[in-house]
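**Q** Sequence:
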Amino acid sequence: MATYASKGLCPTGSVPPARRASRRSRTARADLSPGGQEVKEFHQRSCRGGLFCTVTSPHGGEKTHSREVATSKPHKSTSGQEEAGERLIAVNRRARHEYEVLETLECGIVLVGSEVKSLRSGRLSLDEAYARMHQGEVWLVGCEIPEYVQANRFNHNPRRWRKLLLHRREIRRFASKAYEKGLTLVPLKMYFKNGRAKVLLGVCRGRKLYDKRERLKQEDVRRDIARAMRRGR
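Quick note on the numbering used here: the sequence shown kicks off at 1 and runs consecutively.
These aren't lab readings, by the way, just hints derived from the structure by calculation.
A hint or two may mislead.
[What the hints assert, rightly or not] Derived PhoX-like pairs: lysine-lysine, alpha-carbon spacing no greater than 20 Å straight-line: (1) Lys-163 x Lys-117; (2) Lys-208 x Lys-181; (3) Lys-189 x Lys-117; (4) Lys-189 x Lys-163; (5) Lys-163 x Lys-193; (6) Lys-193 x Lys-117; (7) Lys-181 x Lys-163; (8) Lys-198 x Lys-117; (9) Lys-163 x Lys-198.
[As the list claims (entries may be wrong)] Ranges between beta-carbon positions, derived for each pair: (10) Gly-232 x Glu-106: 18 to 26 Å; (11) Arg-172 x Arg-196: 38 to 46 Å; (12) Gly-232 x Asn-152: 55 to 63 Å; (13) Gly-122 x Ile-225: 26 to 34 Å; (14) Val-221 x Lys-181: 25 to 33 Å; (15) Glu-128 x Ala-226: 29 to 37 Å; (16) Val-112 x Val-91: 19 to 27 Å; (17) Arg-87 x Arg-169: 44 to 52 Å; (18) Ile-225 x Phe-154: 21 to 29 Å.
All figures in this text were calculated on a predicted structure; none of them were measured in a lab.
Built from N, CA and C at the ideal position, the CB exists for glycine as well.
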């Protein structure tokens with residue numbers, strides 16, 4: 001049988017084109033087969049927000065690929081801590097009826113441990129409470145916080161005066177308004193804010209009898225309108 005070399009189609013000792021093609025195809029098939037699969041070496045290194053891997057093949061050369069990796073932030077434990085925000089303790093409903101609120105101010109309050117325990121259980125009365133000036137400080141008077149049963153002999157006086165925490169400029173401004181004719185300082189509500197007890201203090205003017213009647217009429221009208229709107233839905 002005549003060969004490619006005898007016919008002068010290729011030099012002596014070289015591989016014919018068909019055999020070269022078949023060798024390339026065999027190599028390709030071997031690369032795709034499980035036994036001759038291309039070897040890939042992964043070198044992972046992390047960075048902020050991504051993951052890089054280096055692929056090394058037997059044909060030479062390295063390729064670096066990057067992809068974004070979704071990472072979850074560690075969950076912060078909130079055990080033993082109160083969640084941020086406000087938690088209402090009590091509202092002075094009588095104040096909105098008896099007084100006209102001119103200005104409000106949030107202030108802190110000095111409490112003892114047994115009082116805080118009682119407040120966390122929602123035991124508080126602001127119906128007869130008001131604030132007054134004494135020796136350059138503002139004090140909450142008439143606020144009743146019942147005793148905490150588990151405190152035993154370390155309990156507090158339920159109706160003691162409690163100091164309110166205000167800045168000096170706020171004390172001067174509120175004191176001047178408090179001494180004006182017909183104005184008084186009334187606690188509107190007490191609540192926990194970020195784990196600390198706060199008092200919403202209002203500068204109020206006492207309502208006249210006809211003012212109270214007019215306010216009651218307006219509330220009745222608003223209730224009637226709201227009731228009619230609910231029926232019409």
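**Q** Taking the hints in turn, state whether each one holds.
**A** The hints, checked one at a time:
Straight-line distance between C-alpha atoms of Lys-163 and Lys-117 comes to about 18 Å, which keeps the hinted pair within the 20 Å bound. Note on Lys-208 and Lys-181: the hinted pairing holds, with a Cα-Cα distance of about 14 Å set against a maximum of 20 Å. Between the alpha carbons of Lys-189 and Lys-117 the distance comes to roughly 18 Å, so the proposed pair stays at or under 20 Å and holds. This hinted pair checks out: Lys-189 and Lys-163 have alpha carbons roughly 16 Å apart, not beyond 20 Å.
Only pairs whose Cα atoms come within 20 Å are accepted, and Lys-163 paired with Lys-193 is accepted, the gap being roughly 18 Å. Straight-line distance between C-alpha atoms of Lys-193 and Lys-117 comes to about 15 Å, which keeps the hinted pair within the 20 Å bound. At most 20 Å may separate the alpha-carbon atoms for a hinted pair to count; Lys-181 and Lys-163 exceed this at roughly 24 Å. With a CA separation close to 15 Å, the supplied pair Lys-198 and Lys-117 stays within the 20 Å bound.
Among the hinted pairs, Lys-163 with Lys-198 is consistent with the structure: their alpha-carbon atoms are about 12 Å apart, no more than 20 Å. Taken as a hint, the range 18 to 26 Å is violated for the pair Gly-232 and Glu-106, whose Cβ atoms sit roughly 40 Å apart. One distance hint, 38 to 46 Å for the beta-carbon pair Arg-172 and Arg-196, is violated here, with the actual separation near 24 Å. Between Gly-232 and Asn-152 the beta carbon distance is about 58 Å. The supplied range of 55 to 63 Å therefore holds.
Between Gly-122 and Ile-225 the C-beta distance comes to about 33 Å, which sits within the given range of 26 to 34 Å. Between Val-221 and Lys-181 the C-beta distance comes to about 32 Å, which sits within the given range of 25 to 33 Å. Taken as a hint, the range 29 to 37 Å holds for the pair Glu-128 and Ala-226, whose Cβ atoms sit roughly 31 Å apart. In this structure, Val-112 and Val-91 meet the distance hint of 19 to 27 Å, their C-beta atoms being roughly 23 Å apart.
Look at Arg-87 against Arg-169: about 29 Å separates their beta carbons, and that is not inside 44 to 52 Å. Taken as a hint, the range 21 to 29 Å is violated for the pair Ile-225 and Phe-154, whose Cβ atoms sit roughly 53 Å apart.
When held up to the earlier numbered hints, the structure conflicts with 7, 10, 11, 17, 18 and fits the remainder.
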